[in-house]
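Make the full structure from the sequences, and use the hints.
Here our numbering is used: position 94 in the sequence shown is 94, and no number is missing along the way.
Derived by calculation from the structure, the hints in this document are not laboratory data.
Please note that a few of the clues may not be correct.
Cβ-Cβ distance ranges computed for the label pairs, FRET-style [to be verified]:
no. : residue 1 : residue 2 : range
1   : Phe-99    : Trp-79    : 26 to 32 Å
2   : Gln-246   : Ala-53    : 33 to 39 Å
3   : Gly-175   : Ala-137   : 40 to 46 Å
4   : Phe-181   : Gly-133   : 31 to 37 Å
5   : Gly-192   : Val-227   : 22 to 28 Å
6   : Gly-192   : Ser-170   : 25 to 31 Å
7   : Val-200   : Ile-49    : 26 to 32 Å
8   : Ala-226   : Ala-137   : 25 to 31 Å
9   : His-176   : Ala-53    : 28 to 34 Å
10  : Ser-170   : Trp-79    : 29 to 35 Å
Glycine included, every Cβ here is placed at the ideal spot set by N, Cα and C.
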Amino acid sequence: MPGYWYLLMAALALLVPAGLILISVAGLEPQRAWDAALGSLAAISVTGIAYWAVGFGLQFGGVGLVYTRPELLLLVWEWSPFSPDWGVGWGMAGLSGWFLSGTGVSSLVYALFLAHLPWAMTAATLPVLALRGRAPATASAIVALLVGGILYPLAGNWVQGGGWLASLGSNVNLGHGLVDFGGAGTVYLLAGAFGLAALVVWPAPRRRNADFAEEMPPTQLPLLAAVGSLLLMAGTMGWLWANPLQTSTLSELGL
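Here it is in structure tokens:
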């Protein structure tokens, strides 16, 4: 497919975190909704920088060992705690592609980065949305940095980057290994688990006055939920079609 296709689909995939933000803030009080939206935008910015600097290298630093395409010759370094005699299917973390630098960085590498950037942003934004009003802003920024720059890339390496979970089928004959077609399972499972753990650390603050009157939300907030749902549906299509390593499979399915 032409290069502009991946750029267009990656831009469309950015509607996924935007839609989730709108859905999340639609159920909040106006002031909390504003704070949550600003915090989410900050989390997206922090995640983008972290994923560009180290996250992409951790996730796809060894993908060239699995996909033998000449454009991926730069990404052939994968760390494993086991001996090389065990094979290349026991990788735990990529070790190349930092800052997307190097003479061997191809257009396919950039397309792969743009395809997975919205995934990292989504994985980091969901816990931040859950923590707004509970954790301080600094803690939310640290959460976005950890999830988008380290935790999600490591989980993505195990599943999409040629790591050990995806290779369980060839290594120990466990079916096809872990198959996460589209990648949403890794994103939402990680975001949900980390968000749940963070909510235990930062419980909801108690209200000083328990006898408060419930008020109807402003008209625009429910509308934001509807708009966010539409953005989420549109962004999911770009999410699927942006990955240059999956577009051939999607074409075969006739999607």
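Exercise for the section: Mind listing which of the numbered hints don't hold for this structure, in increasing order? Expected result: Hint check: 1, 2 and 10 fail, others pass.
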